[in-house]
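Chemist: What follows is each chain in one-letter form.
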Amino acid sequence: MPDRDCSNELRQQVETLVADKSPVKIQAGDSKAFYGNPVDANPLSVSAHRGIVHYEPTELVITARCGTSLTEIEKTLADNRQILGFEPPHFGNNATLGGSIATGLSGPARPFRGAARDFVLGMRILNGNSEVLHFGGEVMKNVAGYDVSRLFTGSLGTLGIMLDISLKVVPSPEVELTVEYEMQEADAIQRANELSAQAFPITAACYDGERLFLRLSGNDAAVSSAHKRIGGDIFKNAVAFWDNLREQRHPFFQSQLPLWRLSLAPATPPLEIAGKQFIDWGGAQRWLVSNEEPARIRKLVSERGGHATLFRGTQDAPVFQPLSGKMRELHSNLKLAFDPHGLFNPGRMYPEF
Amino acid sequence: MELIADSGYDADMNTHAESTGKPTVSRKEVVRALQSLLPREAVLYDPEDTRPYECDGLSAYRQTPWVVALPETVAQVQTILRYCHEYAIPVIARGAGTGLSGGALPGKNCLLLSLAKFNRILEIDRLNRTARVQPGVRNLAISEAARAYGLYYAPDPSSQIACSIGGNVAENSGGVHCLKYGLTVHNIQQLQVLTMDGELITIGGSGLDSPGFDLLALLTGSEGMLGVITEITVKLLPIPQRAQVLLAAFDDNARAGEAVGAIISAGLIPAGLEMMDNLAIRAAEDFVKVGYPTDAAAILLCEMDGSNEEVSRDVMRVREMLLACGATEVRTASSDAERLQMWQGRKAAFPAVGRLSPDYYCMDGTIPRKQLPFVLKRIGELSREYGLAVANVFHAGDGNLHPLILYDANKPGELKRTEEFGGKILELCVEVGGTITGEHGVGIEKINQMCIQFQPLELEQFHRVKAAFDPNGLLNPGKAVPTLHRCAELGGMHVHHGKLPHPELERF
Numbered sequence: 039m040p041d042r043d044c045s046n047e048l049r050q051q052v053e054t055l056v057a058d059k060s061p062v063k064i065q066a067g068d069s070k071a072f073y074g075n076p077v078d079a080n081p082l083s084v085s086a087h088r089g090i091v092h093y094e095p096t097e098l099v100i101t102a103r104c105g106t107s108l109t110e111i112e113k114t115l116a117d118n119r120q121i122l123g124f125e126p127p128h129f130g131n132n133a134t135l136g137g138s139i140a141t142g143l144s145g146p147a148r149p150f151r152g153a154a155r156d157f158v159l160g161m162r163i164l165n166g167n168s169e170v171l172h173f174g175g176e177v178m179k180n181v182a183g184y185d186v187s188r189l190f191t192g193s194l195g196t197l198g199i200m201l202d203i204s205l206k207v208v209p210s211p212e213v214e215l216t217v218e219y220e221m222q223e224a225d226a227i228q229r230a231n232e233l234s235a236q237a238f239p240i241t242a243a244c245y246d247g248e249r250l251f252l253r254l255s256g257n258d259a260a261v262s263s264a265h266k267r268i269g270g271d272i273f274k275n276a277v278a279f280w281d282n283l284r285e286q287r288h289p290f291f292q293s294q295l296p297l298w299r300l301s302l303a304p305a306t307p308p309l310e311i312a313g314k315q316f317i318d319w320g321g322a323q324r325w326l327v328s329n330e331e332p333a334r335i336r337k338l339v340s341e342r343g344g345h346a347t348l349f350r351g352t353q354d355a356p357v358f359q360p361l362s363g364k365m366r367e368l369h370s371n372l373k374l375a376f377d378p379h380g381l382f383n384p385g386r387m388y389p390e391f
Numbered sequence: 123m124e125l126i127a128d129s130g131y132d133a134d135m136n137t138h139a140e141s142t143g144k145p146t147v148s149r150k151e152v153v154r155a156l157q158s159l160l161p162r163e164a165v166l167y168d169p170e171d172t173r174p175y176e177c178d179g180l181s182a183y184r185q186t187p188w189v190v191a192l193p194e195t196v197a198q199v200q201t202i203l204r205y206c207h208e209y210a211i212p213v214i215a216r217g218a219g220t221g222l223s224g225g226a227l228p229g230k231n232c233l234l235l236s237l238a239k240f241n242r243i244l245e246i247d248r249l250n251r252t253a254r255v256q257p258g259v260r261n262l263a264i265s266e267a268a269r270a271y272g273l274y275y276a277p278d279p280s281s282q283i284a285c286s287i288g289g290n291v292a293e294n295s296g297g298v299h300c301l302k303y304g305l306t307v308h309n310i311q312q313l314q315v316l317t318m319d320g321e322l323i324t325i326g327g328s329g330l331d332s333p334g335f336d337l338l339a340l341l342t343g344s345e346g347m348l349g350v351i352t353e354i355t356v357k358l359l360p361i362p363q364r365a366q367v368l369l370a371a372f373d374d375n376a377r378a379g380e381a382v383g384a385i386i387s388a389g390l391i392p393a394g395l396e397m398m399d400n401l402a403i404r405a406a407e408d409f410v411k412v413g414y415p416t417d418a419a420a421i422l423l424c425e426m427d428g429s430n431e432e433v434s435r436d437v438m439r440v441r442e443m444l445l446a447c448g449a450t451e452v453r454t455a456s457s458d459a460e461r462l463q464m465w466q467g468r469k470a471a472f473p474a475v476g477r478l479s480p481d482y483y484c485m486d487g488t489i490p491r492k493q494l495p496f497v498l499k500r501i502g503e504l505s506r507e508y509g510l511a512v513a514n515v516f517h518a519g520d521g522n523l524h525p526l527i528l529y530d531a532n533k534p535g536e537l538k539r540t541e542e543f544g545g546k547i548l549e550l551c552v553e554v555g556g557t558i559t560g561e562h563g564v565g566i567e568k569i570n571q572m573c574i575q576f577q578p579l580e581l582e583q584f585h586r587v588k589a590a591f592d593p594n595g596l597l598n599p600g601k602a603v604p605t606l607h608r609c610a611e612l613g614g615m616h617v618h619h620g621k622l623p624h625p626e627l628e629r630f
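Each protein sequence line maps, in turn, to chains A and B. Numbering-wise (this note's numbering), the first sequence opens with residue 39 and increments by one. Numbering-wise (this note's numbering), the second sequence opens with residue 123 and increments by one.
These are calculated hints, taken from the structure and not from any lab test. Glycine residues also receive a C-beta, built at the ideal position from the N, C-alpha and C atoms. It cannot be assumed that every hint is accurate.
[Unchecked claim] Just so you have them, the derived chain B footprint on chain A, three or more residues with Cβ under 8 Å:
1. 146-155
2. 170-180
3. 207-213
[Stated by the list, open to error] Below, a list of computed lysine-lysine pairs in the BS3-like style, where the Cα atoms sit at most 25 Å apart:
4. B:Lys492 <-> A:Lys113
5. B:Lys302 <-> A:Lys113
6. B:Lys499 <-> B:Lys538
Use the sequences and the hints to build the structure in full.
Modeler: Spelled out as structure tokens, the structure:
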């Protein structure tokens, strides 16, 4: 598909939606359609609004339209020895920048390099009054006005359409090395966090139930000196391993049971819960395949200050952990502030909007 | 109003809310009510006592507060907010008062809510690398407390010895190290916030994310407009094994700017990358005597951190690059003492410039790095045009400029000329694709430039965000986001196709 700026067409489409009071489901590559509650509305495709608008490697910034293929962006960056620091999962061949930022998902590097929201610098959005607005920009530091572009990140398209997105990019590490250690779960959590509390160039830490894997990234000197100090066996198949983890192609994810994502303080001791777990983000993100009662899972996790998302599969439970009274009110108010007619992705995040 | 500067700040004029027009209760009644809710000494109303709160770090703007409250517990803050909410009394939260944009400037008929007594570090969690602190805790105190665990809090504004973490969150403060380690928004994990109606909410979580919208990002940098922060959980990072700084001298500003680009495009991310121009170098050297080359047009300070081996290698590479970019001299600190000395000149640059001139005005624009030579040239031209000297200090790595305009407030008209000159610099930043504020916030100082940075529809969207949290406009009224009326009166409104947006609005 050719690069095209469809801002104006999209704005007109939203104008019609306002007139018809007709809600829509925003979609592009549909690779992350499984994520969130189902939306019962006509699709509005933003796929044609695509193309890299501006990329200047020395400024460490890329701006692209929402329908731009994530693969194309990553390839363009790779040609200049740069990467998206948050390692967004694709979940298919058609992933777009818009979907990646709307879901706000991040890969294994997240605890060490930052999440999708940490790299978002600015956005041009289309709100529910069919207004095209620009927030943030292409500079690293910007505190003029509220941080609307980070608010949109991870809002699942419920606040509006993100037309163009500017992201900070980072240099590719010269060298990467993954080491593995065989150990028990509690020891793995302890070790991963002990090492993360010391100055090592760790960029990923996961535990598959038997082995702790740590990825070191940086220049040659940094990686080899760190390896000397932390030991561990060199893991050969590392690139494919981390890719498969990020994309949920690892055998752990090949289950018919519901997949839960548990977000916790990283050093939280092992959770006693029915099912199987795979620990990522040094303990801060724990995947759980389980038939356990949703209410029990959520109680266990929230007692520890975390939250649980029903990532894949169906259960008699909302996808996202429900919000309390005042927080629910603030969310509804914000939704109204951007999308007063309730046009965009109704119910995808919470049933209230 | 007893304003020294012609800020035009008036809570009545700038806010949407009807509620701030006239207080529904008298000052006397407010004092009496607060005294019944708080310990007696926690309520100040005598101008003798309230004068210390008449301004923040932007001292050109002053107003004696109406009433000041100094609560000590979250329950007290909650009680105050409920009372103010009921009687429609505007509330201005204040931390250490070091802010540079007048965000904590008192307003007419507004309660000034000082959080200075919230100064305890509640918990340091070594394994989870977090610290739970009260909002009045000084930025540097967190790193000092965390040092025993080999950890530190990365954002380090130059005022870190005095500024409070609550204010850092409200302004999304940066610092010398944010090129590599990010701003406040990247380094906090959870907030406890009281909304204007006195509801206590928790934003963020003990993990790395939370369900729902990213309110943590929205609240960061919201300048006290959306809620009152009562507790903060910050992220801590391991202290790098080693840090080393290089100092490079250049006989031309543009060459120094090119060197910054060269380092970044080589794939290196320095922990700090700072630039000072000749006037700033001479001022600093005269003040702290650290051996800066006073004949250089510009110097770059470049700090690399990491493991021993990594730093050794990176320092070599950076050194070669700096020389290749035309540096006339490159020094490497041979000891930690020498490294700190090199930084001392940079960190003391503001007070050093303050010695050259009775007053100085600090700007805070951010620009794309490649525009640095052009912007410097334009600032030089403007400096001659206005007849006011400028010393330039930059966070060069992330394009954040701090031009310091030297002036004398006692000379008639000089402050006004300075503000106009400053406004021109900010407009220049917007023109080249940058922003009017990188880390100091809008407050009252840059409220007019917001009309240039944003279109009316965007400002309206901001007002709707504000109303989602504070429908009566009681929190910090008139700061951060201008009304469309104000912009229209300034003539800063953009005219499209010969038509003014919102013709229904009254103007002038």
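Chemist: Each hint needs a verdict: does it hold in this structure or not?
Modeler: Results of checking the hints against the structure:
With 5 residues having a Cβ less than 8 Å from any Cβ of chain B, the stretch 146-155 of chain A passes the three-residue criterion, so the hint holds. Taking a C-beta to C-beta cut-off of 8 Å, the stretch 170-180 of chain A contributes 9 residues in contact with chain B, enough for the three needed, and the coverage statement holds. With 4 residues bearing a CB less than 8 Å from a CB of chain B, the stretch 207-213 of chain A meets the requirement of three and the coverage assertion stands. Distance hint between Lys492 of chain B and Lys113 of chain A is fulfilled; the C-alpha atoms sit about 24 Å from each other, no more than 25 Å.
Using a Cα cut-off of 25 Å, the hinted pair Lys302 of chain B and Lys113 of chain A holds, with the two alpha carbons roughly 24 Å apart. Using a Cα cut-off of 25 Å, the hinted pair Lys499 of chain B and Lys538 of chain B holds, with the two alpha carbons roughly 23 Å apart.
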